[in-house]
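Construct the complete structure from the given sequences, taking the supplied hints into account.
Residue numbering for the sequence shown follows our numbering, starting at 11 and increasing by one per position.
Quick caveat, the hints were computed from the structure, so don't treat them as lab data. There are no misleading hints in this set.
Within a straight-line C-alpha distance of at most 30 Å, the following computed DSBU-like cross-link-like pairs (lysine-lysine) qualify:
hint	residue 1	residue 2
1	Lys-45	Lys-81
2	Lys-66	Lys-111
3	Lys-128	Lys-81
4	Lys-90	Lys-119
5	Lys-78	Lys-136
6	Lys-176	Lys-90
7	Lys-111	Lys-136
8	Lys-111	Lys-39
9	Lys-111	Lys-176
10	Lys-78	Lys-66
11	Lys-39	Lys-176
Across the chosen pairs, the derived CB separations fall in these ranges:
hint	residue 1	residue 2	range
12	Arg-123	Leu-191	23 to 31 Å
13	Asp-144	Ser-12	39 to 47 Å
14	Thr-137	Gly-211	21 to 29 Å
15	His-207	His-21	17 to 25 Å
16	Asp-144	Arg-47	22 to 30 Å
17	Asp-144	Gly-167	20 to 28 Å
18	Tyr-109	Ala-193	30 to 38 Å
19	Pro-46	Lys-136	18 to 26 Å
Small disclaimer: the values here were computed from a predicted structure and weren't measured. Note that the Cβ used here is the ideal one computed from N, Cα and C, for glycine as well.
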Amino acid sequence: MSAALCRYRLHRYVRLLVHCASHWRYKYKVPNWEKPRYTSQDVTVIIPTIHDCPEKLRTSLESILACKPAKLILVTTRNKHRAPSRVAATLRMPDSSPYIKIIVLYIKKANKRLQVCKALEDGHVKTAITVLADNDVQWPSTLMPLLLAPFEDNSIGGVGTCQRVKRVVHGDLATRIFNWLGAAYIERRNFEISATHNIDGGTSCASPTQTLL
11 MSAALCRYRL HRYVRLLVHC ASHWRYKYKV PNWEKPRYTS QDVTVIIPTI
61 HDCPEKLRTS LESILACKPA KLILVTTRNK HRAPSRVAAT LRMPDSSPYI
111 KIIVLYIKKA NKRLQVCKAL EDGHVKTAIT VLADNDVQWP STLMPLLLAP
161 FEDNSIGGVG TCQRVKRVVH GDLATRIFNW LGAAYIERRN FEISATHNID
211 GGTSCASPTQ TLL
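What follows is the structure, given as structure tokens:
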């Protein structure tokens, strides 16, 4: 066995042990339940989407609305904006307390970055916290205080989430295999980011699936 291969294996497994220790010692921020700095009414959620069947977004959107953000902004393309607008209209709950404003914007062609920029233009976002989320995420109803807890620290300007893949129990073999691979990738990513963040306070990247700013 060459010296280079020995050094590579030593580095690999020492790194794994360090990451395991750091991940196990990682502590999430605990919400200030009595007097939080921010509440759900300080949050605007932006969801860029080009989904061909917007009705399939209903479960995701309803889970987000259950957390009672101040505003939900859907950004799609010009040729697809009618269907999301109809779905959004059925999601509006005027009797809900507090009232949640839902708007649908659109741009000429699909581009996730430009769609997010469109939502940030013209004063659409007026809250202190902005959540960027994909159109297939599902939130537990208790999520919002946990998302906002890190912002009790003035030095924190962005927050990522620990994510999980919804497992496919019934389906053909290929579907279940690819679903498992996706779940394994997300679990590995959660492990890597929590471990490295606990070591030096930094992160390699903010997940495009869901990020708070």
